[in-house]
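*Asks:* In case you want the letters, here they are:
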Amino acid sequence: MTTTNRNFPLNAWYAVAYDIELNRALMPRTICNKKLVMYRRLDGTPAALEDACWHRMLPLSKGHLDGDQLVCGYHGLVFGPNGRCTSMPSQETVNPSACVRSYPVVERHRLIWLWMGDPALADPAKVPDMHWNDDPAWAGDGRRIHAKCDYRLVVDNLMDLTHETFVHGSSIGNRAVAEAPFKITHTDHRVVVTRWMRDIEPPPFWSYQLRKKNGEAGRVDRWQIITFEPPCTVTIDVGVAPAGSGAPEGDRAAGVNGYVLNTMTPETDTTCHYFWAFCRNYRLQDQGLTQWLREGVTRVFGEDEVILEAQQQAMLDHPDKEFYNLNIDAGAMWARRIIDAMIAAEDAGDPRPVRIAA
Amino acid sequence: MSARDLWTVASIERVEDLSPTIRLFEIAVPGGAEPWRPGAHLGVRVRCDDRSERRSYSLLDIGRDDGRYRIAVKRMDDGLGGSRHMWSLAAGAAIEITQPQDDFELGHDAPAYVLLAGGIGVTPLLSMAHSLALRGRAVEFHYAVRNREEAVFADLLREWLGDGLHLHISSGGSRLDVDRMIAASTEGAELYVCGPVGMLDAARSAWQAAGRRAARLRFESFGSSGHYANRPFTVALPRYGLELTVPAHQSMLSALETAGVELLSGCRRGECGLCAVDILECDASLDHRDVFFSNAEKVEGARLCTCVSRPAGGRIVIDTDYRGRDARVPS
Chain A
1 MTTTNRNFPL
11 NAWYAVAYDI
21 ELNRALMPRT
31 ICNKKLVMYR
41 RLDGTPAALE
51 DACWHRMLPL
61 SKGHLDGDQL
71 VCGYHGLVFG
81 PNGRCTSMPS
91 QETVNPSACV
101 RSYPVVERHR
111 LIWLWMGDPA
121 LADPAKVPDM
131 HWNDDPAWAG
141 DGRRIHAKCD
151 YRLVVDNLMD
161 LTHETFVHGS
171 SIGNRAVAEA
181 PFKITHTDHR
191 VVVTRWMRDI
201 EPPPFWSYQL
211 RKKNGEAGRV
221 DRWQIITFEP
231 PCTVTIDVGV
241 APAGSGAPEG
251 DRAAGVNGYV
261 LNTMTPETDT
271 TCHYFWAFCR
281 NYRLQDQGLT
291 QWLREGVTRV
301 FGEDEVILEA
311 QQQAMLDHPD
321 KEFYNLNIDA
331 GAMWARRIID
341 AMIAAEDAGD
351 PRPVRIAA
Chain B
1 MSARDLWTVA
11 SIERVEDLSP
21 TIRLFEIAVP
31 GGAEPWRPGA
41 HLGVRVRCDD
51 RSERRSYSLL
61 DIGRDDGRYR
71 IAVKRMDDGL
81 GGSRHMWSLA
91 AGAAIEITQP
101 QDDFELGHDA
111 PAYVLLAGGI
121 GVTPLLSMAH
131 SLALRGRAVE
141 FHYAVRNREE
151 AVFADLLREW
161 LGDGLHLHIS
171 SGGSRLDVDR
181 MIAASTEGAE
191 LYVCGPVGML
201 DAARSAWQAA
211 GRRAARLRFE
221 SFGSSGHYAN
231 RPFTVALPRY
241 GLELTVPAHQ
251 SMLSALETAG
261 VELLSGCRRG
271 ECGLCAVDIL
281 ECDASLDHRD
291 VFFSNAEKVE
301 GARLCTCVSR
311 PAGGRIVIDT
321 DYRGRDARVP
331 S
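Chains A and B are the protein sequences, given in the same order.
The working numbering applies: residue 1 is where the first sequence begins, and numbers increase by one.
The working numbering applies: residue 1 is where the second sequence begins, and numbers increase by one.
Just so you know, not all the hints are guaranteed correct.
Unchecked claim - Facing chain B, according to a computed beta carbon distance under 10 Å, are these residues of chain A, among others:
(1) W54
(2) H55
(3) H64
(4) L65
(5) G76
(6) G80
(7) T86
(8) P89
(9) Y103
(10) P104
(11) W115
(12) D118
(13) I338
(14) A341
(15) I343
Everything labelled a hint here was simulated from the structure, so no lab data went into it.
Glycine is no exception: its CB is placed at the ideal position from the N, C-alpha and C atoms.
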């Protein structure tokens, strides 16, 4: 059996663009080390093809759209959204082998998702749950970050929020995060990290929101419930409620609740496309709040980006070293174990194109 | 883009005669087989007379994953020699193969799939059928053979597809009707064809006549089969002052190259058109086996793809594009 050095599985849905990024123009983007070109068909459905002409490899993204078909910018070979060549210059027939790879692609939860592995396994029901992003009971927005680090470093970062105290001290972090105990549970396909901080002073990011909703913000019970869905989606249920109002017991009515949605798609082995959004379930019509939250989280994640890129560089500078893991890293370690198992299963041929035992 | 050939020396682990003319080869490679996609093939180095040539054989999926490659080769006694070479190899023999390559990829977005196999053309469609069946996709598999003995994968296909397999045995009076097959298929379905050139032509015409979209028809060309048997013929090149006999077991392209005539070639299976020459005259019927020229161009008969097409005997006079001052070919 051939084993790979891939650090990502291929049989998974990966977010490749925000809905508003993709339109009637050819958009090149690298996903899982593969150069792709994407566009929307006339009916709005997305299409994704290998970004190299079958003929002489010019990136197809240098061509143009003609209806739903893509015309190569060099010699005019025409490809349909399924990758099949439909026209060749100066000959009456089309070479039957002429085809570029097309990839299954779906649009869901305001994101465009692509399947890099065996197309026969691409079941849209397996798209990670980020429904808060287009659920009418929630409001919010987000961004794409081009992060110069292995996508797993972002997973690590999100699976342990102890770092908030030290990286985000001016907004969401305070001593309570680093001091409160946390609980980790896991299944074969999920890892959940739960942390409750009871009767604490809210950090500025949360006292502002609580005041927006309730008019005042005293001491609070704060929660962070982090869920990892392999290979690279992390949704975080976050919020605060007035201390003693019953949130830990299940009554969050007096508090404010948000979901931090994160999905990090490998671009190369050491870079990723990081799509995030912050959604809330209160003051849904407050556009100012939507903008304030998006700008606030943008600043917070900007702080993470500096750390993650420096960490990636340090890893490249110390190729003979590996991480030392602490108690706080257990959530990230379970997440990585699930990722590694997916990659190993693909390498071992289960599920693998064609060669499946009957 | 084509894959660049990466050659490895492998060994034939086991052979099995599936029928008197179809032999299965199980090939072991150090480190095990690489993953491959439905419709993929291996490049195989064969010896034809004294020449080393490359052939493509589709990878077989017989529902077993044991790290071996499997191919099936039909013995063509009047073919160009690739199959005779393969049939000369016994278990334990070394064989030079490439990595799996995809030129006949299965789509993933069609509402239904129709697979049409003619004889040994079943080989690439077998893996497609299995993949589609495993995913519960709608598949109609038309398997056309001369006699029951030739339908070596019918039982396996029946197991995978049940009533989705339609066996057409011409000696049993059950001939395939491609028009009916297409009419019965779901609108938007994709058709995959692999079989002799006559079947390809029929499928292409019927598909077009039914108003189906060309991009939904995929076929693998099968340059070894023609409308006539392979016969020796004479080829004359007045510009070179050259006349030579092409034996039944050699392609015109290979004979011309052996004689020192410089020609371009690409796919060598009748797809790209690079090896085409001008026909000045011909006293026999032309057996166009390529898929490069349109039917109209074939009827016109002005040019011919020398890698797979040939006259059915007789004498053909051709010209190449060479316009050098020294027109004699160095011997």
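*Asks:* Indicate, hint by hint, whether the structure satisfies it.
*Replies:* Okay, the hints, checked on the actual structure:
1. W54: Check passed: Cβ of W54(A) comes within 5 Å of chain B, closer than 10 Å.
2. H55: Holds. Min distance 8 Å.
3. H64: violated, 19 Å
4. L65: violated, 16 Å
5. G76: Where the cut-off is 10 Å and the nearest Cβ of chain B is about 16 Å from G76(A), the hint is violated.
6. G80: holds, 5 Å
7. T86: Because about 5 Å separates T86(A) from the closest Cβ in chain B, which is inside the 10 Å limit, the hint holds.
8. P89: violated, 12 Å
9. Y103: The hint holds - Y103(A) has a Cβ within 10 Å of chain B, the shortest such distance being about 9 Å.
10. P104: Status holds, d = 6 Å.
11. W115: Result: holds, 9 Å to nearest chain B Cβ.
12. D118: Cβ of D118(A) sits 8 Å from chain B, so the hint holds.
13. I338: violated, 22 Å
14. A341: Violated, about 18 Å.
15. I343: violated, 13 Å
Checked against the numbered hints above, the structure violates hints 3, 4, 5, 8, 13, 14, 15; every other hint is satisfied.
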